[in-house]
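Asks: Guided by the hints, dock chain L onto chain E, whose structure is given.
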Amino acid sequence: MANIDIEARKQELLKEGYTEVYTKTKVLTDAVMHYCPGCGHGTTHRLIAEVIDEMGIQDKTVGVSPVGCSVLAYNYFDVDFQEAAHGRAPAVATAVKRLNPECYVFTYQGDGDLAAIGTAETIHAANRGENITMIFVNNGIYGMTGGQMAPTTLVGMRSATTPYGRRVDLNGYPLRMTELLATLPGTYYVTRQSVQNPGAVRKAKAAIRKAFENQKLGKGLSFVEILSNCNSGWKMTPVAANKWMEDNMMPNYPVGDIKVDGKIAEGIDVNRLVLDHPLTVMQ
Amino acid sequence: MAFKGQIIVDTERCKGCGVCVPVCPVKCLELSKEVNGKGYNYTQTVNDKCIGCASCAMVCPDGVISVYKKQI
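Which chain is which? The protein sequence lines are E and L, in order.
In terms of our numbering, the first sequence has 36 at position 36, counting the first letter as 1, and numbering is strictly consecutive.
For any residue, its number in our numbering is found by taking its place in the second sequence, counting from 1, and adding 1000.
Some hints could be false.
[Said to hold, decoys possible] Cβ-Cβ distance ranges computed for the label pairs, FRET-style: (1) K1049(L) <-> G262(E): 40 to 48 Å; (2) R98(E) <-> K1070(L): 47 to 55 Å; (3) V1021(L) <-> P251(E): 20 to 28 Å; (4) K1070(L) <-> L72(E): 37 to 45 Å; (5) G172(E) <-> K1070(L): 52 to 60 Å.
These aren't lab readings, by the way, just hints derived from the structure by calculation.
Everything numeric in this text was worked out from a predicted model, so none of it was measured.
Glycine included, each C-beta is placed from N, C-alpha and C at the ideal position.
Isolated chain E, as found in the complex:
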């Protein structure tokens, strides 16, 4: 069973009258991803590759990969890629986009890269209204270095450097980059999505598609935050980590569009963006 010839089996099914519903896109290479089993990075990679495939922009897309778990993203996408210094992906993407305005440029960053060391580059790229797409994968922890506290770690959440839980008086508040960027005039589309179940994955794909299509308009930065699990860092099974994410991450990081077409989305309380709103403290 393990050595089944997959291509032959696919042809066999097509001959039997089956139609193809889903298969891995060719924009992803055949390299086996180094991510831990069940990690949301893999799903997010797949969604970006599918959007690039559906839009037919494989030869016009340039990605910028970060430092962090997804540092090797260039091995998995069959598109042009540029590696950036830690946190500097938006600055590199700015240069790529300005020199090649016909290209679709996206950055792919985690929370340690985008929300910690790269905060300045992120905010200034958004404030300049650079016409790029930023994909921000938030798992609330530094995954690659062994599960240390990140700026996005929840209050009360245990990590390698906060073994008794994150304390506000000592470690400050979780940083909500997405809400922060939505208040800047340079951003055109700001949304937060997740990838823990099929429905959420489909919504996240639609959001990524919109973020790429916005580059044609040239009206500003598109920012997509993807909530992901980090089952190794959280010390859980992948399925339990997805459940934990729904129970604990989502109250603090509410999923949905925050800014659409340059305007705050319907149903979003502006006070939520500029004032402090109650944080759920984990037990």
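Replies: Frame of chain E; chain L shown alone:
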């Protein structure tokens, strides 16, 4: 209108995370008792109830599942 589905799992690339198992609406997936070359318990179908909805393929982080369906 009913659909019969078939999935093809690239068992050597599957990492056995098991995310696809609880999302299957007809409960036709399980992790195998055997392991692949990397030592992971890969996912496999255990009955023929598959309807080809592609929920498993949607959540698969490694894109190892291909889904096919036909009307019956």
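Asks: Which earlier hints turn out false for this structure, listed by number in ascending order?
Replies: Nothing - there is no hint that the structure violates, so all of them hold.
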